[in-house]
Amino acid sequence: MAEWYDNLHPVWQALIRVLLFVGPLLTMVPALIWFERRVLGWFQDRIGPNRVGNITFQKKDKWVPEFLRGKKIRLFGLIQPIADGIKLFLKEDITPSSVDKVIYFLAPALALFPAFALGATLPWGPFKGLTPVADVNIGVLWIMAISSLGVYGVVLSGYASNNKYSLLGGLRSSAQLISYELGMGVSLACIALSTGSLKLTDMVTAQEGPLWGVVPAVSNWNILTPHGAIAAVVFAICMVAETNRAPFDLPEAENELVAGYHTEYSSMKFAVFFMGEYAAMAVYGGIFATVFLGGWHMPIPVRWDYIAESQPMLSGVVSYFQWADFWMAPAWFLLKVWIIIFGFVWLRATMPRLRYDQLMSLGWKTLLPIATVNLIVVATWLLLQEVAGPGPALALSVCTFAALWIIFRAVTRLEPAKENFLPNREISMVEVKPAEKPEAPEAAVA
Amino acid sequence: MSGVPLAAYLALGLFMFMTGVVGVVIRRSPIVIFMCIELMLNAVNLTFLAFARYQFSPMVAGNSFKEGQSAMAGQMMVIFVMAVAAAEVAVGLGIIMAIFRLRDNIDIDEMNLLKG
Amino acid sequence: MLNLFAAVAAPKMAGFAITGELLFFAALAGLAMLSAVGVVAFNNAVRSALCLVLNFFVLAGIYFTLNAEMMGITQVVVYTGAIMVLFLFVIMLLNLSAPALLQDKNDPKTAVGMTLGMVMFTLVALQVLPGLMSKTEPGAVDGYGSPVNVGRALFTGFVIPFEAVSILLLIGIVGSILLAKRRF
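Protein chains in written order, with this note's numbering: chain A, 1 to 446; chain B, 447 to 562; chain C, 563 to 746.
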């Protein structure tokens, strides 16, 4: 690190670290919106925003310089989100008359805060002192803590709007976020166990090792290990649910709840909600990349150091890769984040929205048991590896997995036969006798 | 944090605890009373942690097993209090909802079915 | 805010130098006290809950200043992330079906309760605090609150209470499921 940076007061250093994280994140949000709309357009066989920002210069105009006459500057609609933002800021800011004013103003801020605070422990490069914002030994717990604060913005905006649709959106969202946090926490716990540390920088370092401890040329990305792959799938699903993205966007299901919790928000306040959602998407993508995809390393799991050692004749070529691996780290990190965001958009374009009971049963009956079984197997494996050596440990943990899987299946069999949900969903157009009225769904205290 | 006397932490804890006591006495909504109980539990947690930080005998974790253990006792208690609070909230809020379903009312002063 | 804190603690802290750390603690403590009062003083249950969230968040900050980072982050995860969300969830449910119940009426017990609280605060403070005034330097070793040390202690010396608490949590889960179930 440069000397002048080391000599700065710690407060200034911290400020630089924060700016280096928040600045790019803020710039990314409009680009993300444009990217999503273009990709969605591609998925849906239409064009998407491609006009704003195109400038065509006139052929005969004395004000246009000679070399520009008749030329066209294309920006592929990149300015579209900025135009949208200007439109939102210039719109009338309506505050409905009977809202709870203080909480109504507070809610968008509370929705934005976790999205930015979440990335405080995220290392986006190998540069010590510049990243992450705070390299604390509770990195994973920090993610859990801050992501659980995301509920407040949604719930409070739903409450403060004094609108039944908003309130229902807020209620749904709180139930959803609580349910999916568990799966996320347990799947992160698997990785924390196998890494042996809660620090995110340690997780990146651990993923530099040889794959499964035996393949020296490939680095040990968590997604390539069996337990890591299961944890990654669970984490990815929970991540989509935590950001309220399709197919988990029940809190803002437009055909049932108008716009859910932000029905009553307009202008800048709506823009803040919107920004929070996209920033959270980017930050969760970063967390996924750090925990499962090798962090800021190149997006191919190759250990260049080993190759340079074992194949001396390749060392000349490999040194370029090593250089790129180190110095272009932020670009690689961004590339991984962008791939994950593409996955988000892909999900949105492909999957229909879940029904509420499907959402709950996916979270509680599928993801949580899978993540828990995974955690137990990882713990067994780690314990046996110290006690009995790697071979028996592997065999016994596979046995544990099989046994737990059988128990899981048996328990699901024990469940009473599925009720027919159809009567509950019937909508009768004529008068309903009180005795036949379907009961309110059992969404309550779960 | 050096420079801050232990008594300051204890005074803060005491204040929060007493606020919780007053809240339990004067409020009528069982949910708010519940929140005041949480406030009291947190005040206790604060004093536990303050004492854990400002230990009186110079105990180093690893001096002996027993001493290392007593050095961590404050934090362990905090963990247990948190777990108990979580269990209590889950059951307590369930009870409040059950009462509400049964009687359509949750005012604590009108829960007097057992009064002779 | 600072004045409030100073009014409570200043006479006892006459001999101490005012350092930046002390001021930082005073700010946090003042915020914690204000929000604690807010929990009791607001008539609206949602406001009370929000004040409690703020209080727990500030307390987590105070735990960080005590170097108990594991406890601080657990405080955020457990209290602000889980317990208070549950509270808000129940408040919303009640708000949906019976909004009037969430507005508290004024109670004749208020004056009695406040007097009681003040008297008890004064009595306990006078009994306990003067003997501890001389204690300003922390005695715990550095890193006593790191996840490694907390976890080691939890799973060696305190493993039996830990298991007991986990059984308690299990009972809590079963109990809340039974309460929430409609038909038995």
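Worth double-checking, as some hints may not be accurate.
[Unchecked claim] FRET-style restraints, in silico, Cβ to Cβ:
#	chain 1	residue 1	chain 2	residue 2	range
1	B	Arg549	C	Ile739	14 to 24 Å
2	C	Ile580	B	Leu559	48 to 58 Å
3	B	Leu560	C	Lys743	16 to 26 Å
4	A	Arg46	C	Arg714	51 to 61 Å
5	A	Pro96	C	Arg714	51 to 61 Å
6	C	Ile733	A	Trp405	22 to 32 Å
7	B	Asn558	C	Lys743	23 to 33 Å
8	A	Trp4	C	Gly705	30 to 40 Å
9	B	Ala519	C	Val674	35 to 45 Å
10	C	Gln689	B	Ala519	39 to 49 Å
11	B	Arg549	C	Gly705	33 to 43 Å
12	A	Val317	C	Ser728	53 to 63 Å
[Unchecked claim] Covered, in the sense of this in silico footprint (three residues per stretch, anywhere, with C-beta under 8 Å from a C-beta of chain B), are these stretches of chain C:
#	segment
13	593-599
14	612-619
15	627-636
16	644-657
17	672-683
18	725-732
Rather than coming from a laboratory, the hints here were simulated on the basis of the structure. A quick note: this is a predicted structure, and the numbers were derived from the prediction, not measured. We put the beta carbon where it would ideally sit given N, CA and C, even for glycine.
| In this structure, is the beta-carbon distance linking leucine 560 of chain B and lysine 743 of chain C contained in 16 to 26 Å? | holds, 24 Å
| said: Assuming the hint says 51 to 61 Å, is it satisfied by the Cβ distance from arginine 46 of chain A to arginine 714 of chain C or not? | reply: Given about 59 Å between the Cβ atoms, the range holds.
| For the pair isoleucine 733 of chain C and tryptophan 405 of chain A, does the Cβ-Cβ distance stay inside 22 to 32 Å? | Cβ of isoleucine 733 of chain C to Cβ of tryptophan 405 of chain A: about 27 Å, so the range 22 to 32 Å holds.
| query | At the C-beta level, are tryptophan 4 of chain A and glycine 705 of chain C separated by a distance inside 30 to 40 Å? | reply | holds, 31 Å
| message | Taking 8 Å as the Cβ threshold, is the statement that the segment 725-732 of chain C is covered by chain B upheld or broken by the three-residue rule? | response | holds (count 4)
| Does the Cβ distance between isoleucine 580 of chain C and leucine 559 of chain B fall inside 48 to 58 Å? | holds, 56 Å
| query | According to a criterion of three or more residues whose C-beta lies within less than 8 Å of a C-beta of chain B, is the segment 644-657 of chain C covered? | reply | It holds: at least three residues are needed, and the segment 644-657 of chain C offers 8 whose Cβ sits within less than 8 Å of chain B.
| field | Given coverage of the segment 672-683 of chain C by chain B, checked by CB-CB distance under 8 Å (3 or more) | value | Since 9 is at least three, the answer is holds.
| query | At the C-beta level, are arginine 549 of chain B and glycine 705 of chain C separated by a distance inside 33 to 43 Å? | reply | violated, 52 Å
| Cβ distance range 53 to 63 Å for valine 317 of chain A and serine 728 of chain C, holds or violated | Because 55 Å falls inside the window, the suggested range holds.
| query | Measuring from beta carbon to beta carbon, are proline 96 of chain A and arginine 714 of chain C in 51 to 61 Å? | reply | holds, 54 Å
| task | Starting from the hint 39 to 49 Å, judge whether the C-beta atoms of glutamine 689 of chain C and alanine 519 of chain B obey it. | result | Violated, since glutamine 689 of chain C and alanine 519 of chain B (Cβ atoms, about 23 Å apart) do not stay within the stated range.
In summary, the numbered hints that this structure violates are 10 and 11.
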